[in-house]
Each structure stands twice: as C-alpha cells, then as structure tokens.
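Student: Can you build the whole structure from these sequences, using the hints too?
Protein chains in written order, with the working numbering: chain A, 3 to 455; chain B, 678 to 868; chain C, 1202 to 1450.
If you are wondering where the hints come from, they were derived from the structure by calculation, not from laboratory data.
Be a bit skeptical, because a hint or two may be false.
Taking beta-carbon pairs under 7 Å as the criterion, some of the chain B residues facing chain A (in silico) [as the list claims (entries may be wrong)]:
(1) ARG688
(2) LEU694
(3) LEU764
(4) ARG800
(5) ASP847
Positions of the beta carbon are idealized from the N, C-alpha and C atoms, including for glycine.
Next come the chains, spelled out residue by residue.
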Amino acid sequence: MSHSQKAAEFVQNEAKTNWHNETLWWVRNKRDISTQKIPEWEELRSLGSAVKENVMTNLADYLEEFEKNATANGIHVHWAADGQEHNRIVQSILEQHNAKKVVKSKSILTEECGLNHHLEDIGIEVVDTDLGERIVQFAKQPPSHIVLPAIHMKKEEISELFHKHLQTEEGNNDPQYLTEAARQHLREKFLNADVAITGVNFGIAETGGFVVCTNEGNADMGVHLAPVHIASMGIEKLIPRFEDLGIFTRLLARSATGQPITNYTSHFHRPESGKEIHVVLVDNGRTAQLGREKFRNSLKCIRCGACMNTCPIYRRSGGYSYNSTVPGPIGSILSPGFDLKKNKSLPFASTLCGSCSDVCPVKINIHEQLYEWRQVIVSEGLDASPKKFAMKVASKVLGSSKLYFSLGKMARKSLSTLPNKMIYNNLNAWGKQRDLPKPPKESFKEWYKKNRS
Amino acid sequence: MSDSRAAILSRIRDLNLEKKEHPVIPDFEKNGDVKSQFINSLVASHVSVIEGNLDTSLFEQITSKNDIIYSNVDELSSLSTIQKDQLEDQLTLSSLDHVIVRGEIGVGENGAIWLPEINIEKRVMSFITLHLIVIVSKNDLVHDMHQAYSKIKELPGFGLFVAGPSKTADIEQSLVIGAHGPKRMTVLLTD
Amino acid sequence: MSKPKVGLFIPCYVDQFYPQVAIASLELLEKLGCEVTYPMNQTCCGQPTANSGYEHLNTSVNDLFVDNFASFEYIVCPSGSCTLHVKEHMHAEGKPNESLHVRENSYELVEFITDVLGVSEISVVFPHKVGYHASCHGLRGLRLGSGSERNIAQFNKPEQLLKTIEGLELVDLDMKDECCGFGGTFAVAEEALSVKMGKDRITDHIKHEAEVITGYDMSCLMHMEGIINRDGLPIKVKHIAEILNGAGL
Ligand code: SF4
Chain A
3 MSHSQKAAEF VQNEAKTNWH NETLWWVRNK RDISTQKIPE WEELRSLGSA
53 VKENVMTNLA DYLEEFEKNA TANGIHVHWA ADGQEHNRIV QSILEQHNAK
103 KVVKSKSILT EECGLNHHLE DIGIEVVDTD LGERIVQFAK QPPSHIVLPA
153 IHMKKEEISE LFHKHLQTEE GNNDPQYLTE AARQHLREKF LNADVAITGV
203 NFGIAETGGF VVCTNEGNAD MGVHLAPVHI ASMGIEKLIP RFEDLGIFTR
253 LLARSATGQP ITNYTSHFHR PESGKEIHVV LVDNGRTAQL GREKFRNSLK
303 CIRCGACMNT CPIYRRSGGY SYNSTVPGPI GSILSPGFDL KKNKSLPFAS
353 TLCGSCSDVC PVKINIHEQL YEWRQVIVSE GLDASPKKFA MKVASKVLGS
403 SKLYFSLGKM ARKSLSTLPN KMIYNNLNAW GKQRDLPKPP KESFKEWYKK
453 NRS
Chain B
678 MSDSRAAILS RIRDLNLEKK EHPVIPDFEK NGDVKSQFIN SLVASHVSVI
728 EGNLDTSLFE QITSKNDIIY SNVDELSSLS TIQKDQLEDQ LTLSSLDHVI
778 VRGEIGVGEN GAIWLPEINI EKRVMSFITL HLIVIVSKND LVHDMHQAYS
828 KIKELPGFGL FVAGPSKTAD IEQSLVIGAH GPKRMTVLLT D
Chain C
1202 MSKPKVGLFI PCYVDQFYPQ VAIASLELLE KLGCEVTYPM NQTCCGQPTA
1252 NSGYEHLNTS VNDLFVDNFA SFEYIVCPSG SCTLHVKEHM HAEGKPNESL
1302 HVRENSYELV EFITDVLGVS EISVVFPHKV GYHASCHGLR GLRLGSGSER
1352 NIAQFNKPEQ LLKTIEGLEL VDLDMKDECC GFGGTFAVAE EALSVKMGKD
1402 RITDHIKHEA EVITGYDMSC LMHMEGIINR DGLPIKVKHI AEILNGAGL
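Tutor: See the structure below:
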C-alpha cells in the first residue's frame, strides 16, 4: 500500500489523528523552548553538520582509527556488510557464550537488520527493554517513531496489553501503575540476561569508545548486569574526536524531547573486568548512500526524531503509514536508497514545506532530497502512468504560450458551463472535499490586453 | 580480518570523496552564575539539591533506619550497611536503597554530573539503586558540555553523565519517574 | 532615480482563476513607482511538473520563461512558491547568463516591496481581523520570515507590512507557520491528508476570529478556499496583494 492509502486510513479516525498531531506538536514545542535557551544554537547545528561532513569524507580512515583504538581498549570489533551478516555475527557471539536470554535496548539498526526475528527463530529469548519498545513488542508491532516507539498507542490500549502479558489490573490505565509493572517485569529480565545488546549514538574514532544515551537507564541496566555487551553500530555513527561530544550531546536531547541532555549519557571504553564488549560495525547500504552525491548527507542523521515531530504529514498519518523502519522525513530520504520500488511513494508524502530541514540538528537538507528522489523515481520509470501522461501534456501546454492561452480559455469556459455532476466526479480528487475556484470571465492575460497594451 | 572489512573500506575509498576539514569548536560565551544554573537544571530534572558539608548527620534526613546503603565516598564510609564484596551478589545489588558516590564535574546548562568508573565501584550500582546520592563540589562546576568534556583528561573504562532519576514518558507522553533505575536522586553540593 | 523596470510574472493558475490578484499586483507596483510590463507570452515556471519529479520535461517551459524575462531588471511575482522554484531551478539550456540573471533577480512581491523598494508602510484601510498564513516555500525557502524552527532574531516581512495598514488587526494563531497541505500535486495525490491539513489550518484561523485569511501564495489560499466554500465556513481568503492595494473584504 502506498503512503497516501495508509494515510487516508489513519485520518479516518479523526479524534486519534488530532491527538497524535497535538502530542507530537507538544514535543516539537518543548524542543523549541529548549533550543531557544542556547544563544549559539544555530552555530551548534552548523558545527554538528560540519563535523559529520568531515566524518563522511574521511570515513574509511576514521573506521580504521576507531577499530585500532577500540581493539587496544579490549573491545572486539566486527564488520558486517549487511543486515544478515550482522545477525550472523551476533548469533555466533551468543553461541560462543551459550546464551539463551538477550535483553536489548533501543536500537533502530537492529530493527533495520531484523535481528529479533533472526534470534527468535533460533530459539533465543529477546526482550526489548525500553518501555515503549516493550509495549510494541507485546503488540507484535515495530516502533512507529524512532524516539517514541509507542506514540501511536493510547494508554487504554497499553493497559489492555499489560493486562494480557503482565497480569495488571484490567482497566487500570494509570501510566505510573503501568510503568511500575513494566519495571518489575523487566528487572527480572535484566538480572537473568546472558547478553545485552544496545545501539550506539556516537562512536569515537580518537578514543576507540562509544556513547549510548537513554532516559530510562535500560541500556545500562542490561549491559552492566549481563556478562557480554554487543553494541550494533552503523558506520556513519562515528565522530572523530572526544571533544565533538560537546556538540552532539547538546544537540541530541534538545532536538529529540526538549530535555537539556538525556538522563544517562554512558561512555564505554573498556569492558568491566571479567566481561566482554563487542562492537559490530554495519554497512547495510550506507556505503551505497555515501556514493550518491545528492543524498550523501542523509548519513549525518543522529536519529533525534525532530523531523518527525515537526512534520505536518507524519503528525497526521502516523509512523506506520511509511511502512519503513525509519519513518517520517528522514526515513523518506533513506528508505528509497534501500529499495526504490517499495518506497517510491515516500518522497511524495510531503508538501516540501521544509520544516524538517530547519529543525534538523545536523542541517540535513531533507526537503531538497525529497525533491531529488522524486526526479530519480520518475527517471527510473517507477511513477504511475496516468500521472506520467498528465505531466507530459502539462509540459507541452505550459511550454507553448499559444496552447496555454487557448486551452486555458477552454477550461475556464467548460468549468463555468458544465454541470457540477460532471466536474465533481470520482476522477477529480481535488473536488472530493473541496470546491474548485469559480472561473472568472476573463484571464489576467485577456484583461491586460484590453487595458494595458 | 573479515572480507567485509576490506570490502567496506574499499567501497568507501573508491568513492574518492573530497576531504572536508574538521571544524574548530569556538569558545562560546558563558554567562550567568554557574551554581544557580546547575541547581535550577537539577531541580527541573526532578533532583533534590542540598547545600552543605560532608556530614553524616545530613543523611539521616534522607535515609531510613533499615535501608541498605552503600557509600563509595571515603568520608562517608560509615554510612555503608554492606561491604564492597557484597556488591558481587545480585540479590544484594537489587535491594540497594541508597548509593552514595562522588561526582567529578557538574554542568550548569543541564545538571549533568560526570561519574567516572573509579567513583562508582561497580558499574551497575548507580543504576540499580532506588536512590542515587551524588556529592559534587562547587569548585567542580562548569557552564556547558564543551567545558565538561575538556576537563575529562583521563578516560575511564566506563564513565557516565547522569542528569536525574530514571524516567520515561513512553505512555502517552506522561512523565513517570523511576522507569528501571533510581526513583530518586539527591545532589549534595559542597564547598 | 529612474523607475525600477519590472517584469511581472503571473503564475498560470493566478492568470486563469484569480485575475484580480494579478491586477492588484500590477497596480500596487505601479503605485509604488515601478515601470511594470507583463510579457504576454508567459505561461508558467514549471514547478508543477518539477515537484512531481518531471523536471526533465521542462526544457521548453524553461526556455520560454527565460526568453520572456531575461531582459528585465527585476522579475516580480505574487507567489512565494513560484518565485522559489525560479530561484532554485530555472535553467534554460545554452543560456547560462540569462538563466542566472533570471534566478538572481526574481522576487516575491512582498520581499520586492520591502527589500528592493524599501517600502515600510502602506497607507490603505482594511478594518478587519486578519489571519496571516505563512506559506512554506516563501517562509522557509525565500526566508520571508524567521520561522518558528530557528533560533534567530525574529522578523516577518509580510506581517510587518500588514501591521501598518489602518484598521487591520492581525490575529494570533496557535500554530503560526504550519503547512496548509496544498503542496501542488500533493493536494490530489494525498487528498485525504491534504484536506485534513487544510481543515486544521482553517480551524485555527476561525478559532481566533479571523474574518479573512491572507498570504502571498494564492495556491494555498485556493486550497483553503475550496474547503471553506464546500463546508460553508464563516471565513474568506484574500491575497495579500489585494489588501495592500486597497481592496475591501
Ligand atoms: S534527519 Fe535530522 S531531524 Fe531527522 S532524525 Fe535525523 S538528525 Fe533528527
């Protein structure tokens, strides 16, 4: 199904659409208030963008530097060309340790690789420990937002899920009560886990360490209790220097939720004695995106989610309407690189309003890339043929002043003389819920000819 | 070394991208009183702040009689109700009521406090306890994260900026304190 | 000082459906001392096709545009969206200098009045409550205002002019620069969302008791007007050129 079909379904439930819209706008608002407290905010965005530019254009060197320093720190570094290899690497680490129970903290990358399914298929218990992720895991759904995984659910639905899975009281919708139930359930999982898997927010080439940011502390609970920590990291997550963290820790949380910093910003450089840390560096299409000049800087993304919260489309169509691991504006410029055909409707799910580019903490020109993907999709012949035909006609007409003049006149005339039944038919998507403008007697061109020339 | 390593690196190198310089991070202007900024940030993040000295009597007000306490701060070691080696036992860990540690740096703009591994004895300790108590000296406050990172000279195996009790807003964006980790955090700001 | 020589670029749908907006733009520029010409062979800037992914079909549209406008000192257009498209994409093959001239000297009507003509006050009367719609391409593309996203000194060129109009009361909106959902072919390709966005925008204006929604992009106003007329809502739309030129409600 295309984005427009899924979006049309979503807006059918107007009350929920309004709630979704308002809730995310509230988060966007918190972001505004928090960024306005930093006088150098716009300069920080430029710096963040420039650091990532430096990373992108020196990526191979930084990867090697990271590997060398991390290895010297006693961290095991693995390389995965794609999602499957990533999953195989994780599997083999689990097998070495005879691990059966895995706790996982938020990682969009493992979602992208389909890790949970892979591990469940070989009989491993995988528990997502971020509250929002646990909720969607109970519901057998993917996250609908990269920072707020269960933002599409009302507390009543969550209460029902918890009643079923955690035996909470039926009909008790109190977030405090539900969170406490999850806390106890997950505490037990943390204490018994064999391996903990996390994502990585920033990998530091200079020091061979990495940083994981959470509010709940779930990543830390997992990794400090389990004997083995596996960190899955996209190769674009590198930053060159330790001091760069000053820029990115200031940008990330403020953009994401409006907090001045995430509650826990954990820096891993060496394993705790008797334990292991593994980092899996994953390509999975990233080097291909690096090679696409117009889309390269989509790799600067630090996954703050701000472009989703601000997007007037995302807010009213929900994360699932995008049908891709990363939804929203950034997803719409990343996903076509993975599978152009499957994701061909995504770059069109935008009015090119440009709000995403202006909130993005690393200044990705998201809306301009949406425009560029549209050109690619059309030139690859993936656009639907009726539109193709219409566009060919339009460019003919608009390319000739004579044709334009006579056809314009005809169209205005027929609009004013045809009965409404014929104008507002099923083929006219404009007219389903909107009137067409009332055609004037004469165009401006005609007026001008009479009055000025 | 795996084939994928070589393949990834050569795919990148073959692109021959024009190298862009790393930017210089400027010295941003710091304004205002860092102590009050730090306290305001902490309070906004649901942290209780006490100003005072390392006096064990202070802790009588914030702990209860039969609580399990572990202090990793030498001057306050008498407060500990368990021994260091008991931290190896998961059950004991899981029943910790209060953990007292020393913070190295406090950041005015966001209330974050730097806890290097050496100050926290066991990594999980400051996450698994119900109540985290952090001692920060007024002399160790900085305005922003740039200053904070430049003060970290020695990189610990693990280090943490903590900025409040564990929290979540994953259910309808309603804030709940105490998701997995501490439900309470107190900072003792000393001279 | 000689009069600024302006080539008036009127977007195709304004020419066809909203001639009064074009007339107001022409008269306003003349009142403000410009020598205005409307090149008779103009059609469109090619945005509808380009935004749909068919920029490659625009060869003759672009040729025609550059031919029509390259000789003018300024190209002025009562649409932020079309102006942005010209500034970002106008390129006629074999005419690099002319194309560059066109791109660099194209202005949306309001910014031409405030920035080039240096006009800061308009002496007309419009005794009504007005809701101002900041269309996205003008706002974030042409930077006609500072926008709510960025942490920079606040400015808003169209509002600054509207505020000088006698009797005109600008209403505060809950969301001052939210998209209305027009978006060119988006309006039909994503019909359901587009209409929902339009309704939400209109609701905000009505909630704050605006009698009329104004803005510098007739396309957004046309979209909202379509919903207003279909649903019989108690509000109107009017292009900013008409208000600045002294039109009534
Ligand atoms: S594209 Fe920018 S705004 Fe969107 S998630 Fe990535 S960093 Fe955040």
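Student: Work down the list of hints and note, for each, if the structure agrees.
Tutor: Against the structure, the hints come out as follows:
1. With a cut of 7 Å, the hint placing ARG688/B at the interface with chain A holds, because the nearest CB-to-CB distance is about 4 Å.
2. With a cut of 7 Å, the hint placing LEU694/B at the interface with chain A holds, because the nearest CB-to-CB distance is about 5 Å.
3. For LEU764/B, the interface hint is violated, the least distance from its beta-carbon to any beta-carbon of chain A being 11 Å, above 7 Å.
4. Taking 7 Å as the C-beta cut-off, the interface hint given for ARG800/B holds, the closest approach to chain A being about 4 Å.
5. This hint holds: ASP847/B has a C-beta 4 Å from the nearest C-beta of chain A, less than the 7 Å allowed.
Against the hints set out earlier in the document, a violation occurs for number 3 only.
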